[in-house]
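A.B. asks: Protein chains in written order, with my numbering: chain A, 1 to 339; chain B, 1001 to 1333.
Heads up, a few of these hints could be off.
Unchecked claim - Computed spacing ranges between beta-carbons, pair by pair:
| hint | chain 1 | residue 1 | chain 2 | residue 2 | range |
| --- | --- | --- | --- | --- | --- |
| 1 | A | L323 | B | Y1208 | 47 to 53 Å |
| 2 | A | R320 | B | I1313 | 42 to 48 Å |
| 3 | A | V136 | B | V1310 | 14 to 20 Å |
Said to hold, decoys possible - Calculated lysine to any residue pairs in the SDA-like style (CA-CA distance at most 20 Å, straight line):
| hint | chain 1 | residue 1 | chain 2 | residue 2 |
| --- | --- | --- | --- | --- |
| 4 | B | K1294 | A | N116 |
| 5 | B | K1269 | B | K1329 |
| 6 | B | K1269 | A | D139 |
| 7 | B | K1269 | A | A327 |
| 8 | B | K1294 | A | P118 |
Claimed, not checked - Short, incomplete list of chain A residues facing chain B, as computed with Cβ under 10 Å:
| hint | residue |
| --- | --- |
| 9 | I121 |
| 10 | G132 |
| 11 | P157 |
| 12 | I211 |
| 13 | V212 |
If you are wondering where the hints come from, they were derived from the structure by calculation, not from laboratory data.
Note that beta-carbon positions come from the ideal geometry of N, C-alpha and C, so glycine has one too.
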Amino acid sequence: MKYIKKLTKAREFSSLLFLIILFAIVGCINSSFLTPSSIAACFNDSVVFTLLAVGMAFAIFIGEIDVSVGANLGFTASVVGSLLRDGHSWVFAFGVGILIGALIGLINGWGVAVLNIPSLIFTLGTNGVLRGLIYVYTDGAWVENLPAAFTAFASKPLIGDLTIFYSVTIVAVIVIHILLTRTKKGKYFIAVGDNAGGATLVGIPTVQTKIVAYVLCGIFAAIASILYASRIGFITAIAGNGYEMKAIAACVIGGISLSGGLGSVIGASIGAIIMSSVSRILVFMGFSSDYDNTITGIMLITIVVLDALMQRHAAERIRRERLLNRAANSADNKGGEKA
Amino acid sequence: MNKIKKIVVNWETFLLALLILEFVVFGAKNAKFLMPRVLLASVNDFIAICFIALFVTFVMITGGIDIQAASIVGLTSIIIGVGWQDGGMNIWTAAAVAIIAAIVCGALSGFFIAYCGVQAMVVTLGGSFLYAGFALLVSNFSATEAYQGISGFPDDFKIISKFKLFGVIPSQLIAFLVLIIIAYILLHKSKYGRSIFLVGINQEAAEYSGINTRLVIMSTYILSAISAALAGIMLTSYLGTAKSDLGSNLTLNIITAVVLGGTLSTGGKGSVIGTALASLVIGILRFGLPLCFKVNTQYLDIPVGILLLVVVIGRAVLSRPETAALLKKFKKD
Chain A
1 MKYIKKLTKA
11 REFSSLLFLI
21 ILFAIVGCIN
31 SSFLTPSSIA
41 ACFNDSVVFT
51 LLAVGMAFAI
61 FIGEIDVSVG
71 ANLGFTASVV
81 GSLLRDGHSW
91 VFAFGVGILI
101 GALIGLINGW
111 GVAVLNIPSL
121 IFTLGTNGVL
131 RGLIYVYTDG
141 AWVENLPAAF
151 TAFASKPLIG
161 DLTIFYSVTI
171 VAVIVIHILL
181 TRTKKGKYFI
191 AVGDNAGGAT
201 LVGIPTVQTK
211 IVAYVLCGIF
221 AAIASILYAS
231 RIGFITAIAG
241 NGYEMKAIAA
251 CVIGGISLSG
261 GLGSVIGASI
271 GAIIMSSVSR
281 ILVFMGFSSD
291 YDNTITGIML
301 ITIVVLDALM
311 QRHAAERIRR
321 ERLLNRAANS
331 ADNKGGEKA
Chain B
1001 MNKIKKIVVN
1011 WETFLLALLI
1021 LEFVVFGAKN
1031 AKFLMPRVLL
1041 ASVNDFIAIC
1051 FIALFVTFVM
1061 ITGGIDIQAA
1071 SIVGLTSIII
1081 GVGWQDGGMN
1091 IWTAAAVAII
1101 AAIVCGALSG
1111 FFIAYCGVQA
1121 MVVTLGGSFL
1131 YAGFALLVSN
1141 FSATEAYQGI
1151 SGFPDDFKII
1161 SKFKLFGVIP
1171 SQLIAFLVLI
1181 IIAYILLHKS
1191 KYGRSIFLVG
1201 INQEAAEYSG
1211 INTRLVIMST
1221 YILSAISAAL
1231 AGIMLTSYLG
1241 TAKSDLGSNL
1251 TLNIITAVVL
1261 GGTLSTGGKG
1271 SVIGTALASL
1281 VIGILRFGLP
1291 LCFKVNTQYL
1301 DIPVGILLLV
1311 VVIGRAVLSR
1321 PETAALLKKF
1331 KKD
């Protein structure tokens, strides 16, 4: 009973509830949406966003943001794709990709944590540079003819209709969640985001934690790019354009507070499923999937505004309670003096 | 003497020097660059950056950020097109409707930021999705396919971008100059401008000194939306086509122009002249690199991104206590 109560209070729970209600409503309108294979497809399609959102979650946990993940994904995917196409081994290509992602994260982390530059502005700059580098690297051409074994890997199922990619990702997300909530070092991220000054005072290496968060964000974007290349099978010069926004939206929808220090990677992955299902849902409801971004925008604004209003309401209530208590206390004291 | 020194070490002077340097380098590389006709025609390519950056400066001085302005450009453009072609409106009525729509968009985002206390970054991020979506929605009302764009506007609408004063100075530059003057008076010479700075430095203090801080914050988003609408009208008139995705890649350039112009991204400091010069620096860079150095236009985000990074890194390094101490020591020696 205690666990159930704790579960319903969690911020991710409302996201999960939203996901279930959303699927139920769409299922009522068009029952073919609720077949196991269709739902599995929703999960499978969300794998790239799930990875991006989990990486982004680290940046948001510490109270910052990273808008370069989209370009990071595009650039890393181009490099990994071209290496695979030229017949290099998988291990080498993946290693190079993850190294690039980590390096991009390191640069972002250095600018934000060491130089104290506002994260949005710094990562907007790296985003622009990376976007351009994609054109320099590929000359604007598509990276095509990826090895068939590599692209076929994307659709291999593991459990039922769920692909290997998604199953492994979900296990990884759960492991990361446990690491973040149960280990000392894992709790650093939330602590830094909640109160950086306080975290420094209790001996948490704030700057290093921030850098690690950005490096992790870059690495997750790199892993996402490998999966992206495998799933799509070719990489255009605009690959991953706008994905950073979707990753942020997924985090917000998953109950992660953008002021930092609140939320979980489980929430981020639930948000990612909702995010990537929107276009599918639109099609099932008979609309054009062009409105994908519009719906995302509406959801994003609605959720943050509601969250802000609720937080303000809670703060107001606490303040009122405190004032009432104080008034009651002082009345008691006066009574005591008289007697 | 002191006054001269002050002017010399001024950030605006540095930007002006940078602008002149660009002219010298590009001009030396390719003489075609300095031909007045070519140079003045290039204004069309970056005028939207100049317009919008001026008023995004206001937003950033209050400590906010606006990444939705680029999507409002497309929204304005498509409203004009659809209003005129499919709604049967007069072209000027359509333009007025577009400006009103932009004001509503700016006010909506501004309201959420100022009155609900949501971070500006998230709201304008959502806004950029939302308004681009509205643009798509509006374009679907049209009989013309979205990718084709609506064209064939009347000549008196096209004239606002084709008009040249004395046969040389394009109307875009005149409009830019007028906007600079308006922005300068608003920000540096009016009570409203002082309250914008005060809100950026310390919102609570501003509130206690009797400024309606929320209204001030909201108004800056409306102003930047209006400037985006004006840019949308100018671009639509120049290109002769209304498209819903017009200006979608402007965000990096706008933010770079504002930051390069000397505006602190944390708020409280900034200048209209700085932004105006910086947007010209970026515009000329985007025009000169392809013309004189054969840089592919698709690569142009690299120099702009690097410029942004260099400025913010440079400023951060200079403001570090170690560097300040080092500089002092250097001066003494």
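A.B. asks: Can we keep the I211 of chain A interface hint, with Cβ of chain B closer than 10 Å?
C.D. replies: violated (15 Å)
A.B. asks: Under the criterion of a CB-CB separation shorter than 10 Å, is G132 of chain A in contact with chain B as hinted?
C.D. replies: holds (3 Å)
A.B. asks: Mind checking the hinted window 14 to 20 Å against the Cβ distance between V136 of chain A and V1310 of chain B?
C.D. replies: holds (18 Å)
A.B. asks: Given the hint that K1269 of chain B pairs with K1329 of chain B, does the C-alpha gap stay at or below 20 Å?
C.D. replies: violated (28 Å)
A.B. asks: Does the alpha-carbon distance linking K1294 of chain B and P118 of chain A stay inside the 20 Å limit?
C.D. replies: Between K1294 of chain B and P118 of chain A the Cα gap is close to 34 Å, so the pair fails against 20 Å, i.e. violated.
A.B. asks: Starting from K1294 of chain B, check that the Cα of N116 of chain A is at most 20 Å away, please.
C.D. replies: violated (36 Å)
A.B. asks: Going by Cβ atoms only, is P157 of chain A closer than 10 Å to chain B?
C.D. replies: violated (33 Å)
A.B. asks: Checking one constraint from the list: CA of K1269 of chain B to CA of D139 of chain A, max 20 Å. Satisfied?
C.D. replies: violated (40 Å)
A.B. asks: May I ask you to test the interface hint for V212 of chain A with respect to chain B, counting a Cβ-Cβ separation under 10 Å as satisfied?
C.D. replies: This hint is violated: V212 of chain A lies away from chain B, its Cβ roughly 20 Å from the closest one there, beyond 10 Å.
A.B. asks: Given a hinted range of 47 to 53 Å, is it respected by the beta-carbon distance of L323 of chain A and Y1208 of chain B?
C.D. replies: This hint is violated: roughly 20 Å between Cβ atoms.
A.B. asks: Holds or violated: the hint that I121 of chain A contacts chain B, with Cβ atoms closer than 10 Å.
C.D. replies: Status holds, d = 5 Å.
A.B. asks: Is the hinted pair K1269 of chain B and A327 of chain A satisfied, with a Cα-Cα distance of at most 20 Å?
C.D. replies: Violated, at about 43 Å.
When the structure is compared with the earlier hints, violations turn up for hints 1, 4, 5, 6, 7, 8, 11, 12 and 13 and for no others.
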